[in-house]
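Enquirer: Below are the chains, spelled out letter by letter.
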Amino acid sequence: MADIGQIAVFAAFLICCFGVWAAIYGGWRGAAEFSTSARHAVIALAALLAAASGILVAAFLTHDFGVAYVAEHSSRSMPAIYVGAAFYSGMEGSLLYWATTLGLLGAAATLSLWRTSHGGSRIAAQLLPGFIACLLAIEAFFTFLMAFVARPFATNAGGVVPPDGAGLNPLLRDWGMLIHPPMLLAGYMSWTIPFCFAIAALVSGRVDNAWLPLVRRWTLFAWALLGFGNLLGAWWAYHVLGWGGYWGWDPVENCAIMPWLTGTAFLHSIQVQERRGTLKIWNMALVTLTFCLAIFGTFIVRSGVLQSVHAFALSSIGPYYFAFLAVIVIGSVALLFWRMPALRAERDLDSLLSREAAFLLNNLLFIAVTFAIFWGTIFPLISEAIRDVKVSVGAPYFQMVNGPILLGIVLLMGIGPLLPWRRATRRQLGKAFLVPLVVALGLTGILFAVGIREAPAVVGVFCCLFVAATIVAEFVAGARARRAGLGEGYATAVYGLLRRNGRRYGGYIIHLGIVALALGVLGSQVYQEERQVTLAPGQTAQIGRYTVQLQDRIEYVDGDRRVDEARLNISDGDKTLGQMRPNKAFYRGFENQATTSVAIRTNAREDLYIVLTTWDSKGATLLLVVNPLVVWLWIGGAIVLVGTVFTMWPRPATSPVRVAAPARGEAMAYGD
Amino acid sequence: MADTAIGGVRGARVLPDTAARRGGKRWQLAIVALVIVGAIGYLVYNGLGTSVYYQTVSELQAGTAHGQQIRLAGNVVDGSIRREEGSSAVRFAVADASGNLPVVYSGVVPDIFGPGIEVVVEGKYNPSTGFVADTMLAKCPSKFDTEAAAK
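Chains X and U, in that order, give the protein sequences. Just so we're aligned: 504 in the numbering used here is position 504 of the first sequence, and the numbers increase by one with no gaps anywhere. Just so we're aligned: 103 in the numbering used here is position 103 of the second sequence, and the numbers increase by one with no gaps anywhere.
Please note: incorrect hints may appear among the correct ones.
As the list claims (entries may be wrong) - Straight-line C-alpha distance at most 30 Å; calculated BS3-like pairs for lysine-lysine:
#1 X:K618 - U:K124
#2 U:K25 - X:K431
#3 X:K390 - U:K124
Stated by the list, open to error - Derived Cβ-Cβ restraints for the label pairs, each shown as a range:
#4 X:D574 - U:P127: 48 to 56 Å
#5 U:V32 - X:V149: 46 to 54 Å
#6 U:N126 - X:N569: 38 to 46 Å
#7 X:P162 - U:A95: 30 to 38 Å
#8 X:D616 - U:N126: 20 to 28 Å
What the hints assert, rightly or not - Covered stretches of chain X, going by a simulated chain U footprint (3 or more residues, C-beta under 8 Å):
#9 362 to 372
#10 394 to 401
If you're looking for bench data, these hints aren't it; they were derived computationally from the structure. Positions of the beta carbon are idealized from the N, C-alpha and C atoms, including for glycine.
Whenever a hint applies, use it, and build me the whole structure from the sequences.
Expert: Next comes the structure, spelled out in structure tokens:
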């Protein structure tokens, strides 16, 4: 079976090579049969890679330990459900996962583009050959790696078939681990599609704004997937790793957030191009940068180039990745220069007080925060290479630098969407911002009075409240207009806004989710309380408003693990809140490695977070943490996802009575 | 780029769109961008002041950095781990190519901590007390790999 898998991977590589040639030749000569052939190559590639993945899964399920990858990443005692975690837990498997998901997504994008061109869209027909060629060229790289360098179906040296595999690290036995890495890898992968569109636009010369509506949904999809992957990573770190936080500014985390930041900038700046015909070169550069960062991230999680607690031994595929990145950068820059004359802006900026200026500032800040993270991440390497001094750049750097920039981005979220395009008058500004400003100031004042006094918290909370107030005001104005025009109730009117004008109002929902997220970050960063205590049975400790009492220690065996658990009674003053059970588990085969299980008690205001550190004759040593507002991170993430669905949802086909936009100038019309 | 710009606002309020006016906007934009870039440059420069230096065991013992926050990377010496009763403190020795050094650390010990594991400890060194660490990072035996596969 494994041989068939390796043959499938090899065939996939050949098909990519053929497809690239067929797409280029077909597009260049206008030879329809070659274009059809290239399209079929995309579908065949997806099928072959899916088959190869299926064979690898089958090898795991049948315990085919003759395959080196299976022997290294699984064992007979491993529950079948973790076969997924084992699949992408090493380099070879994650390459196959990447290539397969890209094969499937690429086939979907190709078919949708083909159908659009069949429906009479000239631009779709013009983009198709370049799109397929770029997609298959990228796939050719990954299938080449799997065919020759990091072979997922390689057998053990000397054809040995061990009786059992080495097993999967217990740290990975968690359902968060089952979905977080594949989501993140898929997020990286899916940025390939917008990049291929951009290359296709450059190659075909259709660099006007016509390709943007075609790429918008794919971009939003990639953005949401990568964002979700990042948030799941934070969730996993918080709930499983047990150090009390959710984001450690580890190089692997930094590499995952950078493409998301530049991708967010791209999502915003393409709106300026669509609307005003400017920033064309910038957009091409941004999507290329995002794709490069995504490839870099894919590579970094599987290499030890950067000093990281996640680091691997330097892998054999490093040089290939750098060559690939070099080809992408040089190729994209060359194409950009070639098409430079067609990429000129159609108009100039009218005023610094305009929507497009706000977008420019947004882009500047997103690039700045990406640069700051990038610099902090690679500074240790530079310092070591140039000064021969090893340093570590830690969380304090990232907090000091990124905190103010991210706050600026949040504030812009309230200002930008309310500014009209081209130029704002003073009257418009007053009308749009007076009420939200007063509301936010008033609420911040109340919070100040009840004891929120730390400067970062006050400024941050004010920004968040201001943004939330502007969004609520927008919804109220829109819903009123629909009520007046269509006689709808408020709930129906809001739903109508989201359905009829999902781009704009879905975007507001996303912004609202980001505000919730920002509040979660602020609360947990500024007001976290932490202490370490050793308790004998019966003793109590105090943290925040909670009293923690150690009841006793329970040891039990559960399947292939031995669990050592502390039973804690939690109360708030006289009120008993229940029991919490942090524990440590020791898995068979990994007896020396404890797997910590954190106990968390969540409510809207704060999390009580307890880690069992050690047991000895004096009792249990516990890490007690109170993390305010953390739950809003996860709620914010969910809100962002809901908003993204609305922005991607196709508008209803029939065109009902158009509702007059409430008088807030041109700003209101955007998104139609 | 300016030559091809179709400047000007169509509609009710047509404003004169001269090269000078466009130039003025460009200057304003450039100044705003410059101020922001400068502020961010300052933040980055300032922030890098928080970076912590790595030293080897022999550099620490040669002793120029007493009392400074320092990072030390190495492997936990086999058989050196001792836990202190009644506290979360753990004592062990860290060895690198230049020698080994006793370390005391109190706090949450990473799950994979153990003999031979590669660790990074951050804290202060003092000849009399040894290395007092307030942070410990353990290098995952390659995050997704097994113990057997890790070196």
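Enquirer: All hints, please: hold or fail.
Expert: Results for each hint:
1. X:K618 - U:K124: holds (28 Å)
2. U:K25 - X:K431: Holds. K25 (chain U) to K431 (chain X) sits at ~25 Å (cutoff 30 Å).
3. X:K390 - U:K124: Measuring from Cα to Cα gives roughly 16 Å; hence the hint holds.
4. X:D574 - U:P127: 48 to 56 Å: Since the Cβ atoms of D574 (chain X) and P127 (chain U) sit about 52 Å apart, the hinted range of 48 to 56 Å holds.
5. U:V32 - X:V149: 46 to 54 Å: At 48 Å between Cβs, range holds.
6. U:N126 - X:N569: 38 to 46 Å: Since the Cβ atoms of N126 (chain U) and N569 (chain X) sit about 41 Å apart, the hinted range of 38 to 46 Å holds.
7. X:P162 - U:A95: 30 to 38 Å: Since the Cβ atoms of P162 (chain X) and A95 (chain U) sit about 32 Å apart, the hinted range of 30 to 38 Å holds.
8. X:D616 - U:N126: 20 to 28 Å: holds (26 Å)
9. 362 to 372: Result for this restraint: holds, n = 5.
10. 394 to 401: holds (count 6)
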